[in-house]
Every structure is written in C-alpha cells, then in structure tokens.
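**Q** This is what each chain is made of:
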Amino acid sequence: MHKYSSWKYIIIVMAVIISLIYAIPNFYGEVPAVQISSTHANNRVDTNTLAALEASLTNNDLTPLGEVFDGKTLKLKFADTDTQLRARDFIQAQLGENYVVALNLMPSGPAWLSKINANPMFLGLDLRGGVHFLLEIDMNQALKKTLDKYASDIKRDLRNNQIRYGNVIVGQNSLTVQFRDADTLQQALNQLHKDLPDIQLNDDGNGGLQAIISEMQMQKIKEAAVKQNILILHNRVNELGVAEPIIQQQGNERIMVELPGVQDTARAKDILGRTATLEVRMVDDDPTDVANALAGSVSSDKELLVDTSAKNGSSKILVNRDVELTGDNITDAQPGFDENGGAAVNIRLDGVGAAIFKQVTQENIGKRMAMVLVDNNKGQVVTAPVIRSEIGGGQVQISGAMNVEEANDVALLLRSGSLSAPMNMIEERTVGPSLGKENISKGFHSVLWGFVAIAVFIIIYYQVFGVISIICLAVNLLLLIAALSMLQATLTLPGIAAIALALGMAIDSNVLINERIREELRNNKKPHIAIESGYTHAFATIFDSNVTTLIAGLALLAFGSGPVKGFAVVHCLGILTSMFSAVLVSRGIVAVLYANRRIKKLYI
Amino acid sequence: MEFFRIKTDIPFMSYGKITTAISLLTFIVAVFFLLSRGLNLSVEFTGGTLMEVSYSQAVSLNDIRAKLNDNGLDMATVQNLDSPKNVMIRLPNRGHLNSVTISNQVYNLIQNEGPNPQLKSVEFIGPEVGQDLIVNGLMAILFVCIGILGYLAIRFEWRFAIAAILANMHDVVIILGCFAFFRLEFSLTVLAAILAVLGYSVNESVVVFDRIRENFRNTRGGTVPELINNAITATMSRTIITHGCTEMMVLSMLFFGGPSLHNFALALTIGILFGIYSSVLVASPLLVWFGVSRANLIKKPKQREEAVV
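Chains as they are written, first to last, in the working numbering: chain H, 1 to 604; chain U, 1 to 309.
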C-alpha cells in the first residue's frame with residue numbers, strides 16, 4: 001500500500017482544525033444581553049450613545065460585561081437575566097421611544113471567536129421558543145378599495161362637469177357606470193379620458209362605461225399592498241421590542257413574520273393583527289399651551305404626540321383631540337413633486353372628505369394641521385403642514401422641507417392608515433420557552449445514545465477498523481456542526497433528527513469499506529492489497545449511493561417548507577461531510593497505521 | 001467477530017415468484033387501507049388549531065372537554081400527550097373558528113383546570129396553506145423519482161433505474177399504508193422521513209446493482225440469476241450491518257426524541273425494514289424479469305473489420 005500523499009493529510013488536518021474552531025462556540029452557551037437599535041433614521045445608535053449609556057449604567061450598578069457594536073445595533077452583555085431585565089428597563093427609560101431595546105442572547109465564548117465569525121448555530125423557533133406567523137394579504141379587498149376609489153373619482157369628475165350619470169356598480173374586478181343615452185356616454189368618455197388618464201375606460205356596449213383593472217395594474221396593486229404591509233409590520237414589531245425579528249415576503253401575497261424569544265404571544269398577535277387609522281387633527285401652536293403641555297399639564301381636549309417628521313426625531317407636538325377627518329375619506333396618497341421641483345406628497349380625498357377639507361382649511365389659514373397615524377390607540381404625527389390657503393376639490397399637496405425618501409415614507413404611512421389591504425393570519429406557530437429547552441435536550445439525547453450504540457457495536461464487530469470507522473463518524477459530526485455554524489443555518493428539531501439520521505446513514509460507507517476488505521482477505525489477498533482494493537472497490541459504490549440520497553435531499557430542499565426545509569439543509573450537508581470523512585479521513589488513518597509496515601494480521 | 005460467513009450463494013432469484021407475490025400482496029393491502037381508511041393528516045395539511053398545555057399535576061380530560069363544550073367548542077379533540085399532565089387540544093377550521101384568536105380563547109377557558117398552567121405550543125394553520133403543502137409534497141416525490149431514474153439510467157441502464165424506482169415506490173406506498181392502517185398522524189416531518197427513506201432505499205438497491213455490474217464485468221461463466229444471487233449474498237453482510245446501525249440511531253430517536261420525533265422515527269423504521277426487503281427481493285427479480293443481460297452493462301468492444309468469405 002502506498003503512503004498517503006502529504007497534501008491529503010494537510011487537507012484533513014486543516015479541515016478538522018477549522019471545524020473545531022467553528023464548532024466550539026456551540027459548547028460555550030450564551031449569556032443574557034440587551035440589544036439596542038434605532039427605529040428612526042434620524043437618531044442612530046452611535047459611539048456617543050454607547051459612551052453615555054455605559055457611564056450611566058455603571059453609575060447604577062448595571063455595568064455590562066462586554067459590548068458589541070456593529071454600526072447599527074449595540075449589544076450589551078450582562079451577568080444574569082435579573083441584571084439584564086433591570087438594564088433593559090433602565091435603558092428604555094434613558095433613551096426613550098425612538099429606540100428598540102430588546103432582550104437577546106449572545107455567545108459567551110471568547111471574543112476572538114466572534115471576531116472570526118465563529119458563532120453558535122442559529123436556533124429555530126422550536127428550539128428557542130417564539131412565534132411564527134404567516135399573513136396573507138386580502139387582495140380582493142385591495143382591488144375593491146381601488147375600484148371604490150375609481151368610482152368616487154369618476155363620480156366627482158362627472159359631477160364637476162355636469163354630466164348626468166345613472167347607477168355605478170362596483171363588481172369583482174371591474175366597475176360600470178350607466179348613462180341615459182349614447183351622447184352622454186360619449187361625452188363622459190371624452191371628459192374622463194382627459195381628466196383621469198390612469199383609468200382604462202371602455203364602452204361596455206350596453207349603454208354604460210366599464211373600467212377594468214388590467215393584469216399589469218393588478219400586479220402593481222399587489223406589489224404595493226405587500227410593500228406597505230411589510231412596512232406596517234416593521235413598525236409594529238419595533239414596538240414589541242424583539243431582538244431578531246424576521247419579516248419576509250413569501251410568494252405573491254404572503255408575509256412571514258418570525259419573532260424568536262417572544263413570550264407574550266397574545267400581545268404579539270394583538271399588535272400585529274390590528275388595523276391602523278389615519279386622523280387629520282388641528283395643531284395647537286400657542287406658545288403658552290405648548291410650554292404648559294411640555295411641563296406636564298395638558299388640557300383634556302388636547303394631547304402631546306411624537307412628531308416623526310421632525311428632523312431630530314423626538315420633538316413633541318400638541319394636537320387637538322377633535323378629529324376633523326379620518327383615513328376613510330382619503331382615497332390615495334402618492335409621493336410626487338411640487339411646481340418648484342421639490343419633493344411632495346399628493347393626497348386625494350373623496351367627495352365628503354373634500355367638502356370637509358375645504359371648510360377646515362378655509363377656517364384655519366396660517367395654522368398647522370397634523371396627519372396622525374393611530375396604531376393601537378397610540379398616535380404619532382406623520383406630518384404637520386401649515387395651511388396656506390383654502391383647498392377645495394379634494395386634491396391636497398403637502399410639500400416643502402422634505403426629500404424624496406421622506407415623501408415616500410409619508411405617503412406610505414398615510415396610505416397605511418387609510419387604504420392598506422387587510423391582512424389575515426393564516427398560520428401561527430407558537431413554541432413556549434420550556435418546550436424549546438425540552439426539544440434541545442431530547443434531540444441531543446437521541447443523537448448521543450444513537451451514536452454510543454453504533455460506536456459500541458461497530459468497535460466490537462470490526463475491532464481496529466471499527467475504531468477507525470467511529471473516529472470518522474465523530475469527524476463527520478464535527479464537520480457537520482461546524483458547517484451548520486459557519487453557514488449560520490437555522491437548526492430545528494427536524495434538523496437535529498437529520499443530524500442523527502446523517503450519522504446513522506454515514507456509517508454505511510465505513511461498513512462498505514470494512515466488508516470489502518474482509519472479503520478480499522477471505523480471498524487470500526495480502527493485507528496491504530486487501531486494504532488497497534477494498535477502498536478502491538468501495539468508492540464507486542459509496543459515490544453512487546450518496547448521489548442518489550443527495551437527489552432526495554435536494555428535492556426536499558426545493559419543495560419543502562417549514563420543518564422540512566430545516567431537515568433538508570442538514571440532510572444534504574450531512575451527505576457531503578460523510579463522503580469526505582468516510583473516504584478521505586478513514587483512508588488517511590489507515591495509511592498512518594499501516595503504510596510501510598509489515599502486517600501479519602489485520603484486526604477487522 | 002463476523003455474523004455472516006456464507007459459503008455458498010443463496011438462490012434468491014429462485015424465490016423470485018414467491019417474493020414478488022408477497023410484495024404484490026402487501027402492496028395491494030397497503031393501497032386498500034390507504035384508500036379505505038385514508039391518511040390521518042396532521043393540522044399542517046388539514047388546517048386547524050393544535051395546542052399543547054401542561055400543568056404541574058394530572059388533570060381531568062373530561063372536565064376540559066365539558067368546559068369547551070359549554071362554550072360552543074364541541075368539535076375540539078382533547079387528548080393527553082406523553083403524560084397525564086400534558087393536554088393536547090385539536091380544533092378544526094370551521095366557520096367562525098377559522099381565526100387565530102381561537103387559541104387564546106381556549107387557553108383562557110381551560111387555564112384554571114389545573115395548577116400552574118403553561119401554554120407550551122400553539123399551531124394554527126389556515127385552510128389556505130394545507131393545499132400548497134400537499135402539492136409540494138407530491139412534487140417532491142415526483143422530482144426524486146425523475147432524478148433517481150435519470151441518474152441510474154446514466155450510471156447503469158434503464159432496466160436498473162426502473163427496477164429501483166418500482167421497488168422503492170413500493171416501500172413508500174407500504175409506509176403510507178401502515179400509517180393509514182394504524183391511523184398514525186401524517187405530518188410534514190413524516191413526509192420528510194418518507195423522502196429520506198426513498199433516497200436511502202435507492203442507495204440500498206444501488207449497492208446491490210453495483211455488485212451485479214461488477215460480477216457481469218469480472219466473471220465469465222454463470223447465468224444472470226446466478227450472478228445476481230452472488231451479488232446479493234456478497235453484499236448481505238453489509239446490508240444487515242448498515243441497516244442495523246441506522247436503525248439503532250432511529251430507535252434512539254424513537255425512545256429519546258419525544259412525541260415530535262415519534263412518527264418520524266416510526267416511518268423510518270418501516271421504511272428501513274421494507275427497504276432491505278424490496279431492494280433485495282423486489283428490485284433484483286424485476287431486473288431479471290426485465291431481461292437484463294451482460295451485454296446491457298458492458299461496452300461492446302469495437303468489432304474488427306475482418307474479411308468475410
């Protein structure tokens with residue numbers, strides 16, 4: 001038998017060392033931490049915040065054990081959960097509402113491990129506890145709202161131009177307007193084409209007009225609805241204070257929300273599932289009222305709200321409790337440009353809204369009006385423009401002192417309070433923290449005892465080669481854990497099952513090799529030759545059988561969802577690591593043991 | 001130590017008729033139960049709500065049922081999970097029940113039925129989701145079949161590919177039949193197990209096929225059934241040892257893995273047992289039946305042009 005070439009040894013040793021480094025963090029466990037991030041682009045977490053916080057924490061006996069700052073979020077480690085909880089409350093009070101202060105866990109290994117990105121595996125919800133929601137956007141509602149908007153636009157335009165119309169019928173994805181005669185119809189068609197070019201209108205052949213939402217428009221409406229709802233969900237999740245929330249679009253009209261570590265699931269459901277409303281209220285800018293309010297005495301008909309449009313992000317604004325207009329009267333809000341080319345938001349109101357708006361603006365020239373987004377009984381001012389003149393006709397433009405991005409945000413927020421498509425929760429998975437811990441221990445014990453049983457049997461059965469096989473199996477486990485940690489793949493209970501199964505299946509390669517060597521010996525081959533041809537013959541079989549298993553694994557990966565995906569990732573990785581360890585590693589060990597030596601008898 | 005030191009080849013192929021008949025029979029029985037009883041699909045497929053609540057002491061299921069009945073939740077199934085302290089409640093999606101808030105409502109109703117209640121887990125699946133899962137599951141099985149057929153057809157020959165797929169689909173149907181017969185819950189993890197078994201049993205067939213190919217190439221004499229018998233006998237030891245080891249791991253999951261891995265391990269166990277049987281005693285007779293011959297696997301040597309008379 002030839003000596004194994006040295007580059008193969010180098011590969012094996014390197015792989016094992018690197019795997020050890022990346023697998024180690026999993027055994028260190030985690031320490032409680034508090035994570036701080038900003039909700040608003042205007043007030044970032046920076047090194048100043050960090051220094052100030054540290055000083056005040058130390059003064060209050062809440063000195064953090066360590067901190068990690070990645071430019072956006074700041075994580076502070078604490079000794080125990082009690083200090084962590086107190087620190088969270090303290091920091092929240094210190095920083096105010098514009099920061100998300102959440103509980104989290106951080107790897108407790110030495111810092112240099114985190115520096116080279118050697119972090120523990122990311123645990124799935126079933127192992128760490130938390131909530132998973134799948135929300136579906138009610139597209140029929142979104143379409144209906146669009147059609148309702150069209151209907152009111154058409155009616156208003158026809159009325160303004162004194163064209164008489166009959167019934168307006170809103171259907172599933174089209175609407176029809178009826179007219180007395182063909183002349184009026186033609187007149188209406190011409191007028192509407194001119195005034196409302198966005199709406200596709202046709203003569204329906206029955207003396208009426210028909211507006212149909214085209215496939216492309218439908219796609220646009222869907223995309224906008226998903227985008228808007230994701231934004232709303234982000235805002236709400238921020239309020240929940242979750243350390244690592246995941247909010248993702250899934251498919252065409254679904255949004256997945258995962259909140260690891262959330263305990264109060266009823267509240268989470270409540271906050272995510274509620275609907276936001278938009279209210280237009282008048283601002284009280286009277287200096288004495290404002291000063292009093294800021295000092296703490298707000299009169300009962302007013303309230304002090306956060307102004308999110310303010311540049312420093314935290315200024316308060318005093319607003320009347322009386323609601324002039326609600327989001328129901330707003331038919332659209334879009335970012336656009338004013339006549340000077342500055343960024344603006346264009347708001348369109350329905351008939352009732354337009355009338356009220358005209359009156360309100362007429363009475364309050366020179367004052368400010370606030371657009372308040374009320375989410376879960378908590379209002380925030382989206383924007384508070386000054387009224388320059390009376391505005392009639394239902395077309396409102398807010399402009400000045402904003403950039404294009406801000407105009408986009410404002411428009412989105414206004415829409416989210418008025419015409420967002422409703423979402424339904426179609427899937428929920430809640431796992432309590434105790435069940436998560438149980439699952440980890442059950443999974444761990446399954447792997448442990450299965451491994452022990454296989455090890456005992458194989459070592460008795462194949463002796464020296466049995467020991468080699470088990471070393472390979474252990475290396476396989478190490479590689480698999482390291483690979484999962486490096487990829488930061490999410491480990492779930494089915495994932496642990498896949499680790500167990502990968503080990504149970506990986507032993508096959510070793511058995512194939514060992515059986516083949518025995519067979520060669522039985523045919524009176526010399527030990528060296530037996531090993532050599534045993535490996536050569538077994539390899540083709542190992543390769544073929546692993547490829548077929550991999551095909552099944554890839555199918556799981558491609559079509560699986562949820563728990564199946566977690567299983568599939570580990571399954572596929574396990575097949576790859578087992579090929580490496582069974583072929584390369586076991587061969588290497590055998591070469592070290594037997595190369596260039598006379599062998600009287602092989603213990604197999 | 002060595003369990004299998006078989007001197008002469010076992011004439012597996014001469015049992016071909018009997019084993020194929022047995023397979024056919026189990027297959028038909030499995031299909032029968034699958035059709036007559038149907039699969040006991042989990043909430044993931046059917047939609048509905050599944051909750052697990054634990055108390056620090058054993059609680060009366062009847063009290064909980066009564067409480068839910070009184071509040072109009074009479075279609076709830078209440079069962080113990082693992083121990084009398086753990087209660088599992090299942091609710092179908094029906095009319096007004098089709099909402100996420102139902103789990104909060106149930107928990108509020110029953111949390112006073114025992115000391116220290118704890119809501120361990122909730123799973124709510126709307127009716128929109130299940131359909132996708134079934135379609136995706138079938139797609140996955142189809143994908144695996146096509147992939148394996150293609151690979152084996154290229155590496156071996158089409159007869160081998162079809163024999164392997166038939167033998168292994170037969171395993172899948174038998175697992176499904178067992179789940180239908182015992183009314184075991186068929187969940188997404190069980191589906192994962194079935195697909196893993198599909199890959200794993202094909203792997204088993206491949207080991208035998210590999211040996212058959214080797215025998216075809218290296219041995220001069222012997223009929224096709226003889227060579228197949230020899231291949232099966234030669235790989236016999238490996239088959240038993242490997243599957244024994246895999247089964248040890250699976251049993252470990254069955255005993256230590258708790259309820260979530262229970263059916264997963266069970267599906268694997270059935271799959272492993274029938275996997276051995278089918279790749280040895282179904283795939284190989286099929287191969288003979290398809291008329292596999294030495295020429296199918298050995299590249300024909302180029303015929304030298306010779307002068308003919």
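FYI, nobody ran anything at the bench for these hints, they're computed from the structure.
Keep in mind that the hints are not guaranteed to be accurate.
To be verified - 25 Å max Cα-Cα, derived DSS-like pairs, lysine-lysine:
hint: 1; chain 1: H; residue 1: Lys-222; chain 2: H; residue 2: Lys-145
hint: 2; chain 1: H; residue 1: Lys-302; chain 2: H; residue 2: Lys-222
hint: 3; chain 1: H; residue 1: Lys-145; chain 2: H; residue 2: Lys-155
hint: 4; chain 1: H; residue 1: Lys-144; chain 2: H; residue 2: Lys-227
hint: 5; chain 1: U; residue 1: Lys-7; chain 2: H; residue 2: Lys-437
hint: 6; chain 1: H; residue 1: Lys-316; chain 2: H; residue 2: Lys-367
hint: 7; chain 1: H; residue 1: Lys-600; chain 2: H; residue 2: Lys-525
hint: 8; chain 1: H; residue 1: Lys-220; chain 2: H; residue 2: Lys-144
hint: 9; chain 1: H; residue 1: Lys-302; chain 2: H; residue 2: Lys-367
hint: 10; chain 1: U; residue 1: Lys-7; chain 2: H; residue 2: Lys-526
hint: 11; chain 1: U; residue 1: Lys-7; chain 2: H; residue 2: Lys-442
hint: 12; chain 1: U; residue 1: Lys-7; chain 2: H; residue 2: Lys-525
hint: 13; chain 1: U; residue 1: Lys-67; chain 2: H; residue 2: Lys-601
hint: 14; chain 1: H; residue 1: Lys-155; chain 2: H; residue 2: Lys-358
**Q** Hints first: check each against the structure and report whether it holds.
**A** Evaluated hints:
1. Pair hint Lys-222/H plus Lys-145/H holds up; C-alpha atoms about 12 Å apart against a cutoff of 25 Å.
2. For the hint pairing Lys-302/H with Lys-222/H, the CA-to-CA distance comes to about 38 Å; that exceeds 25 Å, so the pair is violated.
3. Of the pairs offered as hints, the one joining Lys-145/H and Lys-155/H holds, with about 15 Å between alpha carbons and a cut-off of 25 Å not exceeded.
4. A C-alpha spacing of about 18 Å is found between Lys-144/H and Lys-227/H, which places the hinted pair at or below 25 Å, so the restraint holds.
5. Between Lys-7/U and Lys-437/H, the direct Cα distance comes to roughly 52 Å. Violation of the 25 Å bound is thereby established for this hinted pair.
6. Proposed proximity of Lys-316/H and Lys-367/H is supported: the alpha carbons are some 17 Å apart, at most 25 Å.
7. For the suggested pair Lys-600/H and Lys-525/H, the alpha carbons sit about 12 Å apart, so the restraint of at most 25 Å is met.
8. This hinted pair checks out: Lys-220/H and Lys-144/H have alpha carbons roughly 14 Å apart, not beyond 25 Å.
9. Note on Lys-302/H and Lys-367/H: the hinted pairing holds, with a Cα-Cα distance of about 16 Å set against a maximum of 25 Å.
10. Only pairs whose Cα atoms come within 25 Å are accepted, and Lys-7/U paired with Lys-526/H is accepted, the gap being roughly 20 Å.
11. This hinted pair does not check out: Lys-7/U and Lys-442/H have alpha carbons roughly 44 Å apart, beyond 25 Å.
12. Of the supplied pair hints, the one linking Lys-7/U and Lys-525/H holds, its CA atoms being roughly 17 Å apart against a limit of 25 Å.
13. Restraint check for Lys-67/U and Lys-601/H: the C-alpha separation of about 74 Å exceeds 25 Å, so the hint is violated.
14. Distance hint between Lys-155/H and Lys-358/H is fulfilled; the C-alpha atoms sit about 18 Å from each other, no more than 25 Å.
The structure does not agree with the numbered hints 2, 5, 11, 13 stated previously, though it agrees with the rest.
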